[in-house]
Amino acid sequence: MTELAPKSIVYCGICSWPPEYCEFGVSRARCQSWLDTNHHDLYEKIYTEDITNQTSTLSLEKQEKLNNDLAKAQHKQELKQERELQKMLNSKIVIKRIERNKRKHIISISGLEVFNLDSKKLAKTFASKFATGASVTKNADKTEEILIQGDVSDEAKEYIEKLLQDQGLNDIKVEQIDDKKKKKKDAAAAAAATTAGST
Amino acid sequence: MFKKFTKEDIHSRSNIKSSVQRGLKSNLVQLYPQLEPAIDNLIPKKSQVVSIKCEEKIQLYCVDNEIVMFQQYNDELVPSLTTVHKYPDCFPRVQVDRGAIKFILSGANIMCPGLTSPGAKLPEENMEKDAIVTVYAEGKENALAIGKLLMSIDDIKTKNKGIGIELVHYLGDGLWNHQE
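Those protein sequences? They're chains A and S, same order as listed. For the first sequence, counting from 1, position 83 maps to 83 in the working numbering; every step adds exactly one. For the second sequence, counting from 1, position 81 maps to 81 in the working numbering; every step adds exactly one.
Some hints could be false.
In silico contact screen, one side only, chain S against chain A (beta carbon under 10 Å); selected entries [claimed, not checked]:
no., residue
1, 39
2, 62
3, 87
4, 161
Listed below are the simulated SDA-like cross-link pairs for lysine to any residue, each with C-alpha atoms no more than 20 Å apart in a straight line [to be verified]:
no., chain 1, residue 1, chain 2, residue 2
5, S, 140, A, 121
6, S, 140, A, 120
7, A, 65, S, 105
8, A, 121, S, 12
9, S, 102, A, 23
10, A, 120, S, 9
11, S, 102, A, 120
12, S, 102, A, 30
13, A, 62, S, 102
Hints listed in this document are in silico derivations from the structure and should not be mistaken for laboratory results. We put the CB at the ideal spot given by N, CA and C, even for glycine.
Please build the complete structure, drawing on both the sequences and the hints.
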């Protein structure tokens, strides 16, 4: 029995579709330039053939309408993406250190969902990384947060920053907050600074 | 099926037993006989298949963090589009005309006229209702969707009205965008 090897296919780096379908996608212009820079041979093949394809079985009017609709959708999508990016840049990840009793703390991490990080998976990795308990719960605003037992806020911060960098998001704020009971705000902030320095 | 599909729809994931894995492979070959020479590349003998259970009793089967196929309830196994792209000749294919592409890519079911017009192609031999077919498009090389026949091929040709293929999985749907 001869084995059949898998056919390798280039997928578009922008919309993840096979490049020949990019023209129906929502980010055509960007797909086109991506293909041009990354797979020039394919680019030539697809976008020069395209013109002959236009005169397919469809009438010209229909074709035009189709293209118009596509252009509209693309424009909409671009705006949407921009908004999303803006939202991403504006939001931040909050790492909260909550005092449980005098010397014990738990860490709560919230704001992850905006960055496409899977809370469940992340909780699992934290649990094994720090050898502690970690769980995903829903907080008051019905958003997910990770709770980690033990004072690991600095390490967690480092890890999350690394994850964000892998995604190409460098300027995302990861904020550390100390949540202490019965203490003035200033004292808490000072304590946060010292603990951050000492650990 | 996967028009709306997000991480929240995933309930659990588990590694499946090697005996179950063997059964799965033989099932798949039975469904798609032409896949036989490729099956060991698709699901290598030593690999670990991960089954992901989702909403509505959908099960996804992954090998090396790539979704290879899925099934709903205990129905027939359906290859994912990445699998179809890798082994295009192993699955029954139909072709639609250019006008239909746009609608398919937004998840519409395929109407008969889109399958019988000059730009489209249907297989010569008859296929029964409920069979899984891969959907290609006029002037395109790769598959863009996977569907289930709601009429037999002969019926599509003769009646030429209404929904012919129910779309199961298409480029850009929730499953396609789902990353392991």
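Any hints this thing doesn't respect? Which numbers, in order? Violated hints (numbers, rising): 2, 4, 5, 6, 11; every other hint is consistent with the structure.
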